[in-house]
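Could you build all of it, start to finish, from the sequences and the hints given here?
Number of protein chains: 2
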Amino acid sequence: MMSRNPADTRTRILETAWKLLESGDKAVRMSDIAKGAGISRQALYLHFPNRAELLIAVTRHIDSVNDVDTRLAPSRAATRGVERLETFIAAWGGYIPQIHGISVALRAMQGDPEAAAAWDDRMQAVRHGCAAAIRALATDGDLREDLTEEAATDLLWVLLSVENWERLVRDCGWSQDAYLREVTALAHHALLAQSRS
Amino acid sequence: MMSRNPADTRTRILETAWKLLESGDKAVRMSDIAKGAGISRQALYLHFPNRAELLIAVTRHIDSVNDVDTRLAPSRAATRGVERLETFIAAWGGYIPQIHGISVALRAMQGDPEAAAAWDDRMQAVRHGCAAAIRALATDGDLREDLTEEAATDLLWVLLSVENWERLVRDCGWSQDAYLREVTALAHHALLAQSRS
DNA sequence: TGTCAACTTTACACTGTGTCAAGTTGATGC
DNA sequence: GCATCAACTTGACACAGTGTAAAGTTGACA
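Protein chains in written order, with the UniProt record's numbering: chain A, 1 to 197; chain B, 1 to 197.
Please note that the accuracy of each hint is not assured.
[Stated by the list, open to error] Covered, in the sense of this in silico footprint (three residues per stretch, anywhere, with C-beta under 8 Å from a C-beta of chain B), are these stretches of chain A:
#1 108 to 115
#2 149 to 162
#3 168 to 174
#4 180 to 194
No lab work stands behind these hints: they were computed from the structure.
No experiment lies behind these values; they were computed from the predicted model shown.
The beta carbon of each residue, even a glycine, is placed where N, CA and C say it ideally should be.
Next comes the structure, spelled out in structure tokens:
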């Protein structure tokens, strides 16, 4: 028993789970994570009460590793609405690949109310970002006239969903660059009063 | 034992499963379907080899009840590209509510390769419809110049995904009418060379 | 009357999650 | 040096849901 530091073990579990989820191919059972982290399956339950909590902890771990606030800083700093929209799409769209694996696992646990709530919270956070961008657009008078701010927020939020990223990048074989480019262009055409390329 | 006709029992199973999936609230186990159809759980396996095959049979049943070909006739009959796009969105978008329940169940069975393949097939069929509409647009010269036919097909396909419908109608509380209206408008702005309302 | 097909009941194997209890082991304090 | 404690181990078990197997019931039909 080399490393007996509980914090070490915890992060090793989280990193292992992240890696396994990211690789995506399989189902990722508790025993897989335990084996990957080099501990017994039961030891997982010394660190996390159940699978849902473990997955939720993984998302928080990914967030802290990636420093979400820093990623979003350019968007918050943007002065013009269009700029804010573009930087937000770049920030969130660039973050999706990181959380894609955990997203699949969490959505597959629809049965568990805790897991559902955790994923829902994250999506609501994204929605707030969308709302802020749309509000900035509206303030500049750049929002398409026949769209409510509410409706525009919903549309942008849906457009930027992880599922859409999965479809385009994984199913359609788009590169991450192509995804960002086309989604940004689509948002322009769909949301702005007059589209400027 | 009143109705001993196997075909009757089969359709009763399919209708029951459809109804239960549509209601959406719960997990819909084999025993739920059996109870709903008024037979024993084991009798299900006299009609379907496993859960995946049953779910697939439900989708086929829904298709036959709803007569998909008739729904798509207006789209195929459309002469101009824009008209074809609009009628296709109306047809498919109007069909989504019917298959929404089974869609959730089938996607939740990602583990099962048969279920995955079945859902994939259906999505590819939708994609073909998207491709036909895009091709018609391109032929008319109405497609946005900076879009490949391929890319435009991908975008339309993603836009019309069941997941996006779920988000907008279920999560955001849009009416089916609002969904069809806004999605059609979005497709116009996103895909057409110059948007005409 | 006998046979067959649809269906029933009971029982069990398998997988994956989560719980419980009784060890083992290494660091730390005294 | 010795006890203690926390992290971890092994092994067993309950539970849910799917799928399999086997033996019995029942109604239709020839």
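Here's how the hints hold up against the structure:
1. 108 to 115: holds (count 3)
2. 149 to 162: holds (count 6)
3. 168 to 174: This one holds; 3 residues, not fewer than the three required, reach chain B with a Cβ under 8 Å.
4. 180 to 194: Since 5 is at least three, the answer is holds.
Checked against the numbered hints given earlier, this structure breaks none of them.
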